[in-house]
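Please assemble the complex out of the two chains, which come individually in their own frames, going by the hints.
So you can see what is in the structure, the chains are spelled out below.
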Amino acid sequence: MTAGRIVYTRGRPILAGLRYRGREGMWTWILHRATGLGILGFLLLHIFDIFLVGFGPGLFEELLFLYRAWWARMLEVFLLFGVLFHALNGARIIVQDFWPKLWRWERQLVWLEAAVFVPVFLWGAFLFLRPLFD
Amino acid sequence: MTTPAESAFARRIGRPPRGNFELYSWLFMRLSGVVLLGLAVFHLFWMHIVLGVDNIDFSVVAERWQNPLWRLYDFFLLLFALTHGMNGLRIILDDYLRRPGWLVAAKSVAFLCYVLFLGMGAYIIFTFTPPPELAALP
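Residue numbers (the working numbering), protein chains in the order written: chain A, 3 to 136; chain B, 487 to 624.
Among the clues, some could well be false.
Stated by the list, open to error - Using C-beta positions, here's what the derived DEER-type ranges look like:
#, chain 1, residue 1, chain 2, residue 2, range
1, A, G27, B, L583, 21 to 31 Å
2, B, P617, A, A36, 33 to 43 Å
3, A, G24, B, P618, 56 to 66 Å
4, B, L598, A, V122, 34 to 44 Å
As the list claims (entries may be wrong) - Partial list, computed: chain A residues near chain B (C-beta under 7 Å):
#, residue
5, L45
6, I49
7, F53
8, G56
9, P59
10, F62
11, L65
12, I96
These are calculated hints, taken from the structure and not from any lab test.
We put the beta carbon where it would ideally sit given N, CA and C, even for glycine.
Chain B extracted, bound-state conformation (with noise of 0.2 Å):
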């Protein structure tokens, strides 16, 4: 037996995993995957090419968020594109960081980072209100 000084995951080195976590990991990131290829790839292009950068501003977006639909667009591109790429982030540093210590680490910031862009998109995306002056915008 060991003690409990040792850790949980020290414990687990060597064993196999359990459950289907990657598997599931693997189904999400191709569904995922097809879902940014409509919702991202169009994002870029209408902002950057139909739009283009010198036209977006603070009115732009202001406009964009008085219709619900927008606002929903824009979370699910929120929630899959960063869902999918700290995925990403965490099958990589699975692969380069060898040391246990450093792994736990790495994962912990990039969940914790995961965790607050997550919450400070979805805050913006459902709390954003026009000041009034902006307000009557068509």
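The shape of chain A in the complex, shown without the other chains (with noise of 0.2 Å):
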């Protein structure tokens, strides 16, 4: 490691960005924000459909659209895959923090966390689109 240096540099390409040295570890930070943010605005959206609930069937019964739609589908699918990654990776970050040691391993840990995520998401997109084929 070279002494530390801060460059702040605006416009940085995303892709250089992603060059960086950080590797695992960042690309998986990038992740859990996207996927956070992700998350939060679904939050958003189902707190205010489950508040219509509060009108009686008619209008609740008409959004239902939006989680039924082949589209609605599709986000469901990322919505599957942002819950599951922040879930596991956050599983991976609570591990670190409360056993300091294993930050010596984090690569490895990404790996192992990608090996678990990758057959439980495929399964569960599946079958979250089977009803589609049906």
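Okay, structure coming up:
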């Protein structure tokens, strides 16, 4: 490691940013933020649509296309991706924070996380989308 | 001495933060994260895989909320998810908004949204009464 020097540059291309030496730790950090914001956005929509239940079945059931349309199913797969990644990555961060020695193995833990994420996500996405083909 | 016209915010710039707010924020993110690993993941699994979105309608919500324990579950999910998410947003805003004025404005809007949505959610969870024709659900 060279001596610390903060270089603050605006407008760095995103691909150059992704090639920064942070690698696994930084990629998951970016994804954690992006998925967190996405889930928060969905949560606000979801609180709003459940609030409408108070006005009786009519309005609420008219809005259920927001969950049933084919394009909504695609977004739900994104939601699954976000929740599953944020959950697994958050669990990894918690484990590392409370057992700091594990930070040395961060890279390996990220790949372990990916090994759990990929099959569970593919299985879940299949179950989310299956009703479209019935 | 600064004049009253210079805001408390301006006088704080460059000083170390007082109190342990950020420590508690850090701890809260971990504790609520563990809680949400159960509550949120199970909720997603139950609604989208066990029930399926095609089978969810008004009567499913009405039936679910016949049981006060489900209302409590939904309230804790709302409380932890929204607080965790809004605190995350606060941290992100701290990182990317560099002008104090914009930062205060954005955090104020976020805080108002937090109070509004928490209120809307808690209101419907605890005051919902099914209409009479559905009240006889099993």
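| query | Any hints this thing doesn't respect? Which numbers, in order? | reply | 11
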